[in-house]
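**Q** Below, each chain spelled out in residue letters.
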Amino acid sequence: MSAVCWNCGGGAPGAEASGRFCTACKALQPPATDYFEFFELPRQLVLDPKDLEKRFYALSRQLHPDLFSRKSSREQEYSLESAAVLNDAYRVLKDPIARALYVLKLEGFDTGEQTTKDVPPELLEEVFELNMALEELRMGDTDVLPQLEAARLRFENMRDETDAELQTKFGAWDASHERNILTEIRGLLNRRKYVTNLIDKASHVPDRV
Amino acid sequence: MAYSDKVLDHYNHPRNVGSLDKSSASVGTGMVGAPECGDVMKLQIRVNEENGIIEDAKFKTFGCGSAIASSSLATEWLKGKTVDEALQIKNTDIVNELSLPPVKIHCSVLAEDAIKAAISDYRTKQSSKVNTLAEQTVA
Ligand code: FES
Ligand SMILES: [Zn+2]
Chain X
1 MSAVCWNCGG
11 GAPGAEASGR
21 FCTACKALQP
31 PATDYFEFFE
41 LPRQLVLDPK
51 DLEKRFYALS
61 RQLHPDLFSR
71 KSSREQEYSL
81 ESAAVLNDAY
91 RVLKDPIARA
101 LYVLKLEGFD
111 TGEQTTKDVP
121 PELLEEVFEL
131 NMALEELRMG
141 DTDVLPQLEA
151 ARLRFENMRD
161 ETDAELQTKF
171 GAWDASHERN
181 ILTEIRGLLN
191 RRKYVTNLID
201 KASHVPDRV
Chain A
1001 MAYSDKVLDH
1011 YNHPRNVGSL
1021 DKSSASVGTG
1031 MVGAPECGDV
1041 MKLQIRVNEE
1051 NGIIEDAKFK
1061 TFGCGSAIAS
1071 SSLATEWLKG
1081 KTVDEALQIK
1091 NTDIVNELSL
1101 PPVKIHCSVL
1111 AEDAIKAAIS
1121 DYRTKQSSKV
1131 NTLAEQTVA
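Protein sequence lines, in the order shown, are assigned to chains X and A. Heads up, the first sequence is in the numbering used here, so the first residue is 1 and it goes up one at a time. Heads up, the second sequence is in the numbering used here, so the first residue is 1001 and it goes up one at a time.
Not one of these hints is a red herring.
Residues from chain A shown here face chain X by an in silico Cβ test under 8 Å; the list is partial:
(1) V1032
(2) G1033
(3) P1035
(4) G1038
(5) V1040
(6) K1042
(7) F1062
Some chain A residues flagged as far from chain X (calculated, every beta-carbon gap over 12 Å):
(8) D1009
(9) N1012
(10) H1013
(11) A1025
(12) N1048
(13) E1049
(14) G1052
(15) G1065
(16) G1080
(17) N1096
(18) R1123
FYI, nobody ran anything at the bench for these hints, they're computed from the structure. C-beta: ideal position from N, C-alpha, C; glycine also.
Model the full assembly from the supplied sequences, consistent with the hints where possible.
**A** This is the structure:
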């Protein structure tokens, strides 16, 4: 965020634009691009959803474009931009998984183009076997619904276990900001992705032949 | 998203689906996955140990149409190539052949990774075989 107000130039003492509004002329500043900064929160993986929601509604009121209709066109523009960032930021930060992926990105982890090297081979092996079993189930001519249901429950358990582990690691990172914890978190998020994929497949009732 | 005709063809008529004997010294197995979509791919080669030519290739992919097509095409290309030639196959070759759109590039990367993994598995097996032989000779 720029420390100099675009409007008054921050010439007067105390006229800093380090926040949303200039302390001197009160002009709206361009929105922070970092979602945590935007919400005036420290970068953290565990967030209180109630608190976040409160901030969201307060900011929605504060930044509503209607409030800027009689301000300069530049401020109107910033209010529109801010409203857009507000929505994006809220959507990402309120979801613990999206939030964690976002933090990984901020911390310089490449979450998009990952390769197999980031996935433990046992997990791949396991996911492959589970897919095989699922495919056999779905091709079976007996009534496979009970078995699919059982498989789905098992995967859901795996997901819940992963979530519990993630929760622990989230807290650990917030307390220490140690990079190797983020590496572990990325591994768990990958695992979670594979498992939720399996849940989707197991939830989809096979077509009757 | 529209798939190209070639992707659809491989998707509807995948070539070389199946598996080879994982424990055989002449078989290399590559198991890879794409974390962002949760897809997995297994690709295997059987190599003629005399001349290093890939005699058979099989795959099984749980994933999107592009991943299935990429691995199907890869197995077609692998057969008859030497192991060294096979290492030259790049994911961009697959992208071009199948006209994959940018969002599907990682699916072709998966296939390239699978080839590399299968070859390295084969080579590891071969060198450990040589080592065992050497140990036996020494002993
Ligand atoms: S979308 Fe995952 S491999 Fe294609
Ligand atoms: Zn100002």
